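Full structure from sequences and hints, please.
Protein chains in written order, with our numbering: chain L, 108 to 459; chain B, 108 to 459; chain A, 108 to 459.
These aren't lab readings, by the way, just hints derived from the structure by calculation.
Treat the hints with caution; some may be incorrect.
Pairs count within a copy or across copies, as identical chains cannot be separated in the list.
[Stated by the list, open to error] Below, computed lysine-lysine pairings styled on BS3-like, alpha-carbon distance capped at 27 Å: (1) 161 with 372; (2) 151 with 392; (3) 389 with 327; (4) 409 with 151; (5) 161 with 327; (6) 397 with 372; (7) 389 with 443; (8) 409 with 372; (9) 372 with 324; (10) 397 with 443; (11) 392 with 443; (12) 324 with 447; (13) 372 with 447; (14) 151 with 447; (15) 372 with 327.
This structure is a prediction, so every number in the text was calculated from the model and none was measured.
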Amino acid sequence: ADASSVQIFGIIDAGVLTQSKSAAGGRLTRLETSGLRQSVWGLKGTEDLGGGLKAFFNLESHFDTDTGGLHGTGDNGTPAVGTVLFRRQANVGLSGDWGTLILGRQYGPALLAHIGTEPRAFKEQFSNLYAWAYNQLEPIAGAGSVNSNNDVGIFFKNSIHYRNTFGPVTAGVLYSLGEQAGSTSNNSILAVGLSYSGPVTLSFSHEFMKDQITGEKVVKHTGVGAAVPFGDFTFKANFLRGENNNADGTTSSKVNGLGVGVDWKWHPMNNATVAYYDNKDKENKSNHTKNLVLSNDYFISKRTTIYAQAAFVDADAGATGAAALKTSIVADGSFKPDAKTTFINVGINHNF
Amino acid sequence: ADASSVQIFGIIDAGVLTQSKSAAGGRLTRLETSGLRQSVWGLKGTEDLGGGLKAFFNLESHFDTDTGGLHGTGDNGTPAVGTVLFRRQANVGLSGDWGTLILGRQYGPALLAHIGTEPRAFKEQFSNLYAWAYNQLEPIAGAGSVNSNNDVGIFFKNSIHYRNTFGPVTAGVLYSLGEQAGSTSNNSILAVGLSYSGPVTLSFSHEFMKDQITGEKVVKHTGVGAAVPFGDFTFKANFLRGENNNADGTTSSKVNGLGVGVDWKWHPMNNATVAYYDNKDKENKSNHTKNLVLSNDYFISKRTTIYAQAAFVDADAGATGAAALKTSIVADGSFKPDAKTTFINVGINHNF
Amino acid sequence: ADASSVQIFGIIDAGVLTQSKSAAGGRLTRLETSGLRQSVWGLKGTEDLGGGLKAFFNLESHFDTDTGGLHGTGDNGTPAVGTVLFRRQANVGLSGDWGTLILGRQYGPALLAHIGTEPRAFKEQFSNLYAWAYNQLEPIAGAGSVNSNNDVGIFFKNSIHYRNTFGPVTAGVLYSLGEQAGSTSNNSILAVGLSYSGPVTLSFSHEFMKDQITGEKVVKHTGVGAAVPFGDFTFKANFLRGENNNADGTTSSKVNGLGVGVDWKWHPMNNATVAYYDNKDKENKSNHTKNLVLSNDYFISKRTTIYAQAAFVDADAGATGAAALKTSIVADGSFKPDAKTTFINVGINHNF
Chain L
108 ADASSVQIFG IIDAGVLTQS KSAAGGRLTR LETSGLRQSV WGLKGTEDLG GGLKAFFNLE
168 SHFDTDTGGL HGTGDNGTPA VGTVLFRRQA NVGLSGDWGT LILGRQYGPA LLAHIGTEPR
228 AFKEQFSNLY AWAYNQLEPI AGAGSVNSNN DVGIFFKNSI HYRNTFGPVT AGVLYSLGEQ
288 AGSTSNNSIL AVGLSYSGPV TLSFSHEFMK DQITGEKVVK HTGVGAAVPF GDFTFKANFL
348 RGENNNADGT TSSKVNGLGV GVDWKWHPMN NATVAYYDNK DKENKSNHTK NLVLSNDYFI
408 SKRTTIYAQA AFVDADAGAT GAAALKTSIV ADGSFKPDAK TTFINVGINH NF
Chain B
108 ADASSVQIFG IIDAGVLTQS KSAAGGRLTR LETSGLRQSV WGLKGTEDLG GGLKAFFNLE
168 SHFDTDTGGL HGTGDNGTPA VGTVLFRRQA NVGLSGDWGT LILGRQYGPA LLAHIGTEPR
228 AFKEQFSNLY AWAYNQLEPI AGAGSVNSNN DVGIFFKNSI HYRNTFGPVT AGVLYSLGEQ
288 AGSTSNNSIL AVGLSYSGPV TLSFSHEFMK DQITGEKVVK HTGVGAAVPF GDFTFKANFL
348 RGENNNADGT TSSKVNGLGV GVDWKWHPMN NATVAYYDNK DKENKSNHTK NLVLSNDYFI
408 SKRTTIYAQA AFVDADAGAT GAAALKTSIV ADGSFKPDAK TTFINVGINH NF
Chain A
108 ADASSVQIFG IIDAGVLTQS KSAAGGRLTR LETSGLRQSV WGLKGTEDLG GGLKAFFNLE
168 SHFDTDTGGL HGTGDNGTPA VGTVLFRRQA NVGLSGDWGT LILGRQYGPA LLAHIGTEPR
228 AFKEQFSNLY AWAYNQLEPI AGAGSVNSNN DVGIFFKNSI HYRNTFGPVT AGVLYSLGEQ
288 AGSTSNNSIL AVGLSYSGPV TLSFSHEFMK DQITGEKVVK HTGVGAAVPF GDFTFKANFL
348 RGENNNADGT TSSKVNGLGV GVDWKWHPMN NATVAYYDNK DKENKSNHTK NLVLSNDYFI
408 SKRTTIYAQA AFVDADAGAT GAAALKTSIV ADGSFKPDAK TTFINVGINH NF
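Have a look at this one:
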């Protein structure tokens, strides 16, 4: 391929993360991958086919800078998939005046819709990316339920995705083929995302995922958000509602995740953020965390950022074990239940 | 490495495949990777050493666009190999006036010889690529037999490959070292391929693979083919004979695969193909499929093709389970035995 | 990323290796990956941040040319890591007048210090790279001991590495965070390397690794070396001392590895080396090998080398099974104990 047909891209992110308490006991200090954004490498390209038509592809692999290993996925179910080299993207598509059509493994439109309104832009650490992911993770979602196309409600296998922009509105709808003999409904996923980008940004999303065997909607997930700029400040609010059901249709959890925050671009090379998250499972009310996050990103260059971020997690007694993940803003939910834990993370994020 | 020493290349292929019946039951519709050609990415390069001598390398990885996972291999046996990142090629070589020598994991010369004569050019869906592969797959090949250098008779580990072109004739011979203590014969493979490219194309191949423990020839595989151009048409015929034996030397299967077809280049940007396959196991006569395939490839550009293809599979009762693979023209042999199944596959193939 | 921000690099190395005897029995002949250097591919880049400050990253993956598989690692312990795509390097860093700081998975400073003094420059075959690696491999190191940051004393996970050059002296110190709740000591690693490059080259290293549970120093490893040039000759000597302890602090092995050798650059395109290794476990005195190695590297170009190398291994009776690895100069320690084994390896090494 000549230079014009393929681009290599990536993000390498690493830092030190220390937390005052841990689920297992005392202070825990780690070299942490991906404090700001996920470490990835990938290939992408676009071909001009004439008449406004373009073909394109995306391959994007997710790894951990601290270990060199491929980052684990939320893939599950039958058939099992081999080593997922390209967890984030493996797709091909066409775009034109009529919009964009993407086939393969890809980002869903729901999360994409909220990037501008989530208080911390779904940063890897200390945002509602985790409440998002773990309320759409099998088998945590519900007892015995499986949807083999779903990887934490962010990445979708076997999917067809249509996107278009109408003036200030961007819309996307994704359908994952269930691939079950004799049923087009079982194991399927429908996800939609809408965003409005005027001076004010608004976002809406809805997703549901059906069980592979029973066809019950084992995950129902809805989000709304808004961002309002005011001088050097941008005020943001985002609300998520994740309902998880068992394969027989009974309810497993109903998590409300509310995040509010403000970005302060106090210097051309610096952005500070204050955010507050209140995440609660209405089916298990003691699974509840309140979280305050303070951070500053120092942009040394367009490609390199030094970041410092602190989170204060106040967890109720039910925010423990696998359940803790559903109300967590921390990558692995490793705070102490029924206690207050302080996290400090300093690192570097480099893009190429 | 500077730009002249390494090239990035790849194919991303995805589409929708629906079949009227499935082995498990009713209609099955899937997002299908690699309808036309395998989805791959790789690196390759050539270095001019002067005096006509060149060094080169090839790294080629095989993945699935629908899932992002590395495509499963037919590797087996002892020693086990780690995650096969570069299933298709991981090799280095030298070329000169005297020919080409390639060391490592690589394509064998047998399949390469028939690409010009196989009615559908060994396309990933609906060609005798599958009868080829599954009659050279361990352990399906024979009870208890193992050859750890063989990956579906297409890719070979631990191999030395010599190729040369003499006027219209291209010849290749590959030897996979058995790597068994005290024996150079056990676990070895010999594969040869010959093709003649005049106005008429002719092809011949032979392969045999020896069991790791007993040294019996557990796979013997032979192919002959011809292609004759006539205006915008090219007529093709290809015959494969795959004999699989158990480790003790008794016969397991003897499959005859006959394919005939015609390409019609009816437009500079379109090629239509009609092909017919009759594949039968003479040791298990009810394992028999008759297959008609119609297809059109629309070349939007040199790099991008939109394809539509239909297959009509008429399978006898013995074409079921693992045995079905040996007479299949479908990627996973998932048609219904003792029935007629219709497949329709529409997709996009993008090269970079 | 534009061309200036990312480089693709790699090494493809393959050859034929035959040995007169093998641990399992008679002569063994193999297509061997990586006779000279490990087969790798990777991405790297540097960004100039102004004022002498630079950001950089390295991703380096290790595979086998004979099989296409990812090369196995010496990773172990809890938590388990997914498929290690980037075994050798996955890191990001900053450099300036004050030195270089690297975060992530990376080469340690100890091995790096000795590359100029090890008689065969730690070549993949027939050098003390193996005595180095296997005296720092869990669980061979000691019964029940684990350090999950250590990959054969060469690659380190979760590590922070500072390097600097002071005139002729290069120094590096690496610390791997233990990441254990309530303890910063358990599972940690400290590694230092020092080299002096005047007309004479000197090297020193020390490493210790603590058990994940007990905090005992389960690996203590020290090296010293010197290289003296004399016309077309360079005389080298390197001494390694690897002490392995069990998790309870009792001693498991104490291996002394002595290597001496001479490089003879007898032609601008050729370098011949003679080396002798005497490796012995003082805790298990019959685990002792004496090894003579003769080799010639023919540099066809800057990027491509044809190599021929022979090793004569005289092993005592205790150099058998896993123990044999600790005194081995052969990649998998597959020589015959209580016998003399001759190895011949001819191959090609191509860099891009």
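- request: Would you pick out the hints that fail for this structure and give their numbers low to high?
  value: 2, 5, 9, 12, 13, 14 and 15
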